[in-house]
Amino acid sequence: MPAPTAKPPLFLLALFSFFFIAPLAHAAKISDITETDFLDRTVRFFSFADPSLRYALAGSMLLGIACGLMGTFLVVRKLALMSDALSHAVLPGVAIGFLWSMTKNPFAIFIGATIAGLLGAATAQAITSTTKHKEDAALGFVLAGFFAVGVCLLTMIQNLPGGNKSGLDKFMFGQAAAMGREDVLILAGVVVICAAVIGIFYKEFLVTSFDPAFARSSGLKVQIFHYALMLMLAFAIVASLQAVGVVLVAAMLVIPAAAAFLLTDRLPRMLVLAAVFGMLSGALGAFFSFVGRNLPTGPVMVLTASAVFAVALFLAPRHGILAKWWRQRTRARRVQRENTLKAIYRVLEDEGFRSESVSLRELAEHRRETLEHSEAAIKTLEHHGFATREGSDFALTPPGWKRACEIVRNHRLWELYLNHAANIPADHVHDEAEEIEHILGEENVRQLEKRLNYARRDPHGKLIPGLEDIHGVSGRFLSGHAVGFGPHRQ
Amino acid sequence: MSALIPTFDFAQVIVEPWTENLSASAWVVLMGALVGTACGLVGNYLLLRRMALVGDAISHSILPGLVLVFLVFRNVSTPLMFLGAIGAGLLTVGIIEFIHRQTRVKADAATCIAFTSLFALGVVMLSIAETTGPIHIDAECVLYGEIAFVPLEPPVMFGGHEIGPPSVIRMAGVTLVLIVLVTVFYKELLLTSFDPGLARSMGLRTGFWHYALMAALSIVVVSSFEAVGAILAVAMLIVPAMFASQLTFHLPTRFVLTAFHSAVSSVLGFHLAIWLGCSTAAAMVVVGAILFLIAWALTSIKRKPRIFEGLDQKSSTFDPVQGLVTKPKSA
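So the sequences go chain by chain: A and B.
Under this note's numbering, the residue at position 29 of the first sequence is numbered 29, and the numbers go up by one with no gaps.
Under this note's numbering, the residue at position 251 of the second sequence is numbered 251, and the numbers go up by one with no gaps.
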């Protein structure tokens, strides 16, 4: 039995030794495992018995963190496609790094690929700044041109003695299982560097990302931070190549960050969320490709990230599609209710506020709709406590009356405002007022009233309901009418 | 390092392909030129619409469409292949638009998300399909393609005569149809690409032309797949069009230059590949990219670079009727 309460530092130390010190002499490949039972393999996954699995898992999670951090900046700077271009552009660097030592030395490949990535970023910038080609074309050129050079070099290497066993083709789709100690160390180094640089220069990255003009005016060298970002991006891409491959690195950079972008408006939270999502997809990708037969790690990792993104896309509390849909639905219903209230007010007004109740038929005739429609609309009003009903007649409750007055007031005030302040003819102001009446707040109404000198009639000569009508039922006595609510001013 | 680049043997690199192996060389070069021309035609419109990377997206996301068609019908005849490609292509564009219209995720990130997810889905479907039986599609092949294998295909027979390898015939058909379509609908494509607002006011359905172009793009890319693979198809889409638009503003001239660029890079790339012993399709793209770099250098060095600018005196200003689509910077 292990000690029930291990202290955090001890636990971390254990975890570290697990990944870095424990590796045994014989490294079993993930594909060597012969159990065919799903459960067996699940148990085996969580027992962390295979050193190659430990590397794969640690590597995938570190990769997710590095990509999530860098991806955040790509998403907020609208540079997502830069990741795609750079991940292809590093290929010749991989080949040249291999040629340098003629072995698959991770450090040589890392340096070569980073240089190639930076060259790619510089080429894209040179094309956009010296020709009329737009960014998309420049990125496409870098992507395809560099990749073609890389494929040429790789196919030439394969003709060399010993070249075809180089395993360089694994760089296309990646193979987390083939990750070794050096690969994991490089990834850890990249994570530390990225986190440190972002932490130290957080303010600078923030301002150059969101307001480059302001950054320039306050003396920051925007270009330097752009290239620093590109350099770290190249680091992250190159370190991740081994696990997810050239084609899908872009996905690991962009997808977790985009999911985080839907969930929060604050950069620090987005960084953390993106890193967590990346780590999660990395771990789940490693898990599924371990328990599933013959599943490539990179694509599975990407699909996991896509699933996270899909969940965020639909369920995010503020920016998600469901939340948006719900907001629109409630707003549409409120507008419908308010339009019914306004129609009732108009019916009452046409009758000179002589009666307090309106019949369904009158409402239907006024709105030019069927009785069923009117009835449904009145039922909604009743449901919200805006109207009471007796048989085919109904009357507004005080809250209903208040809201109806407000809407009509907003409408007519806005018409008057457009007519006076913007010189729009009186017969053109209705449609705009029809929309704005639902969103004018009390504050704006006060200002409008003041600007319009507390005018009483709209451009069509109708009375604008005032505060007294809205707040006091007293209006009906002052108005001189026997019954009914109504504007007291004549 | 010295073993990497073989010595340049003029007879072996330049002469022998055309004396020993005439028909094979001819098919490879023809295929390269056809792929470049067809892709370049579509690519010119992509550049105008600033959608070059949508070509990249579609060329990747076609994979799940192909795998699905194969899993359902168990063969890869041309019409089915086109069907799968168009379906996947339009789905990609649909997903991209859905994400960036409905949420605050921008179009670039949406593009990246859509195509990488679909491509990953394709690879996973492929590896699951491989466990159930042999499958005619190979993910690596989808990425690289191998144009050098084109002459090895069993030739299409017509009336007792061998005509040629099926992929070249198909590519030729696609190119011809595309040239006809671009000629017939020149005005519509130009207008919807350059000024969607004006096009709409004249009663053109911009959405329809957008999706039609995407469908054409899907077909062109899927027919180029076997020869050049997904990523190099992107090169074929973008590089010839960039080369042409670097040299002229006149759209029909751009088309001619695109075809010229494709033919030259096809021939030179073919010989480069023989010399270096590398992938033929990649060598063609490398030559194409070098041609663009040369055009870029020439236009940067000389003050008055655009060789076709004097084609029409009136065309020094924007004139879409004459096919002049971009206003020159210096007038």
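Derived by calculation from the structure, the hints in this document are not laboratory data.
Glycine included, C-beta positions come from ideal geometry on N, C-alpha and C.
Be aware that one or more of the hints could be misleading.
[As the list claims (entries may be wrong)] Restraint-style ranges between C-beta atoms, simulated for each label pair:
1) Val256(B) with Ile424(A): 49 to 55 Å
2) Ala310(A) with Arg205(B): 53 to 59 Å
3) Val180(B) with Glu369(A): 38 to 44 Å
4) Ile200(A) with Gly207(B): 36 to 42 Å
5) Ser101(A) with Leu298(B): 35 to 41 Å
6) Val311(A) with Asp9(B): 29 to 35 Å
7) Glu20(B) with Lys134(A): 52 to 58 Å
8) Ala421(A) with Phe98(B): 36 to 42 Å
So, going through the hints one by one against the coordinates:
Taking 49 to 55 Å as the suggested C-beta distance range, the pair Val256(B) and Ile424(A) conforms, at roughly 53 Å. Under the hint 53 to 59 Å, the C-beta atoms of Ala310(A) and Arg205(B), about 31 Å apart, miss the expected range. Hint check: Val180(B) to Glu369(A), Cβ distance near 53 Å, so the stated range 38 to 44 Å is violated. A beta carbon spacing of about 48 Å between Ile200(A) and Gly207(B) contradicts the range 36 to 42 Å that was offered as a hint.
The hinted window of 35 to 41 Å between Ser101(A) and Leu298(B) holds, with their beta carbons roughly 39 Å apart. Distance hint check: the CB atoms of Val311(A) and Asp9(B) are about 60 Å apart, inconsistent with the given range 29 to 35 Å. As the Cβ distance of Glu20(B) to Lys134(A) is approximately 45 Å, the hint placing it in 52 to 58 Å is violated. The beta-carbon spacing between Ala421(A) and Phe98(B), approximately 40 Å, falls within the hinted interval of 36 to 42 Å.
The structure shown violates the earlier hints numbered 2, 3, 4, 6 and 7.
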